[in-house]
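Each chain, letter by letter, is given below.
Number of protein chains: 2
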Amino acid sequence: MSNEYEISERNKVRQVREKAAYDRKTVHGILDAGIVAHAAFVQDGEPVVVPMLYGRDGETLYLHGARKARVIRLLEATGRACINVTLTDGLVFARSAFASSMNYRSVTAFGTARLVEQLEDKKHALAVISEHAMPGRRAELRDSHENELRMTGVVAVEIESASAKISDKMPDDEDCDLDTPVWGGVLPLETRFTTLQADDLVSEGVEPSAALKAMEGTKL
Amino acid sequence: MSNEYEISERNKVRQVREKAAYDRKTVHGILDAGIVAHAAFVQDGEPVVVPMLYGRDGETLYLHGARKARVIRLLEATGRACINVTLTDGLVFARSAFASSMNYRSVTAFGTARLVEQLEDKKHALAVISEHAMPGRRAELRDSHENELRMTGVVAVEIESASAKISDKMPDDEDCDLDTPVWGGVLPLETRFTTLQADDLVSEGVEPSAALKAMEGTKL
Chain A
11 MSNEYEISER
21 NKVRQVREKA
31 AYDRKTVHGI
41 LDAGIVAHAA
51 FVQDGEPVVV
61 PMLYGRDGET
71 LYLHGARKAR
81 VIRLLEATGR
91 ACINVTLTDG
101 LVFARSAFAS
111 SMNYRSVTAF
121 GTARLVEQLE
131 DKKHALAVIS
141 EHAMPGRRAE
151 LRDSHENELR
161 MTGVVAVEIE
171 SASAKISDKM
181 PDDEDCDLDT
191 PVWGGVLPLE
201 TRFTTLQADD
211 LVSEGVEPSA
221 ALKAMEGTKL
Chain B
11 MSNEYEISER
21 NKVRQVREKA
31 AYDRKTVHGI
41 LDAGIVAHAA
51 FVQDGEPVVV
61 PMLYGRDGET
71 LYLHGARKAR
81 VIRLLEATGR
91 ACINVTLTDG
101 LVFARSAFAS
111 SMNYRSVTAF
121 GTARLVEQLE
131 DKKHALAVIS
141 EHAMPGRRAE
151 LRDSHENELR
161 MTGVVAVEIE
171 SASAKISDKM
181 PDDEDCDLDT
191 PVWGGVLPLE
201 TRFTTLQADD
211 LVSEGVEPSA
221 ALKAMEGTKL
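Residue numbers (this note's numbering), protein chains in the order written: chain A, 11 to 230; chain B, 11 to 230.
Bound-form chain A, shown alone (with noise of 0.2 Å):
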């Protein structure tokens, strides 16, 4: 397998270009930081568009949701799907309105969606979007029921193409606007766990596990 998605019309940056790339390591780097997806579908010739949870397994994106949601619904019906995962990491403050900007990291990508329906694939697929967002977790708990997997809905989209962009930069100004006596720089944007918070029905002694308490603190 190549190193870097080939490049189409479909996955093409257009714009900033220098900001673009294509190398699978870049991509997955973004896909694996993110938490929340968000999926794009053909309903009756109209886009719609849906947050989800998800992971990666190699070049397969997991997706999950209600057996009967209207996205995993689509899924089946559609097949193609386009899955953007996006981090703001902070505005920049450029001394004109023109070279303001956002810093972030992106990713869009392109393929073809199954819906996965073998229990034992299923349980699969589970495991790797709760490891993705839940790191450790899922050793914790009991095996899940038959019934609770039948209820699941979970899509695979095979990665065909995608590319990413990243944005980490100070202003960009014109020097003519360097003059004017306007301040200049970034205000960082944090996506980050703040501390664990038990509800009323934690058993006396137990505590959050390692796993969980190392999430505290971290950034996305």
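No lab work stands behind these hints: they were computed from the structure.
It is possible that some hints are incorrect.
No distinction is drawn between identical chains; accordingly, a pair holds when it is met within one copy or between any pair of copies.
Stated by the list, open to error - Listed next, the in silico EDC-like pairs over lysine to aspartate or glutamate satisfying Cα-Cα at most 16 Å (straight line):
1. Lys29 with Glu214
2. Lys133 with Glu158
3. Lys229 with Glu200
4. Lys133 with Asp42
5. Lys29 with Asp178
6. Lys179 with Asp210
Place chain B on chain A using the hints.
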């Protein structure tokens, strides 16, 4: 105008309906709190989703990109758009994989897109977008040059239909799972502006404005 969006096949929330809201106040509140919108379009019969900066003016969403960006050309060509804004508020660690979930605020809006072409309209739209992402900043900057306005693509989407979904809860475990010695609760996920970082070109004595300072430490 009604205080609620009409419920139709398109915007009806089918899963976990108790989390759904159709009132304009809730929908507008989430749109105003977000920073990036995911806009979906159809291109050659296939879905495309793109993250975009945006702003809201009444029932109009303005989305911003380069004039030649795919998303702008697509919107111009197809007209129909679906836009989602999602804020991720935390992970819900239940005592089963099935009951584990996420806390979030999310809006999905459907509407017809049109290209904003007149320079005066574009100025207004860009002011709305700027005020949304960087409140108070536009007034500190010089007026946009006409060529800058021409190089900027702006799309307006009139919201025809929308729904909100909010999940803000502790685990909702089955009774039979409560005896297990497994910790349950929530790990909040915050998206927060940190501290302004000046670039190397700030003139001596120039400090960030009160408007910029006011953004430091604020949470989406």
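Evaluated hints:
no.	hint	result
1	Lys29 with Glu214	neither (52 Å within a copy, 31 Å between copies)
2	Lys133 with Glu158	within (10 Å within a copy, 52 Å between copies)
3	Lys229 with Glu200	both (7 Å within a copy, 9 Å between copies)
4	Lys133 with Asp42	neither (20 Å within a copy, 38 Å between copies)
5	Lys29 with Asp178	within (9 Å within a copy, 36 Å between copies)
6	Lys179 with Asp210	between (45 Å within a copy, 12 Å between copies)
Checked against the numbered hints listed earlier, the structure breaks hints 1, 4; every other hint is satisfied.
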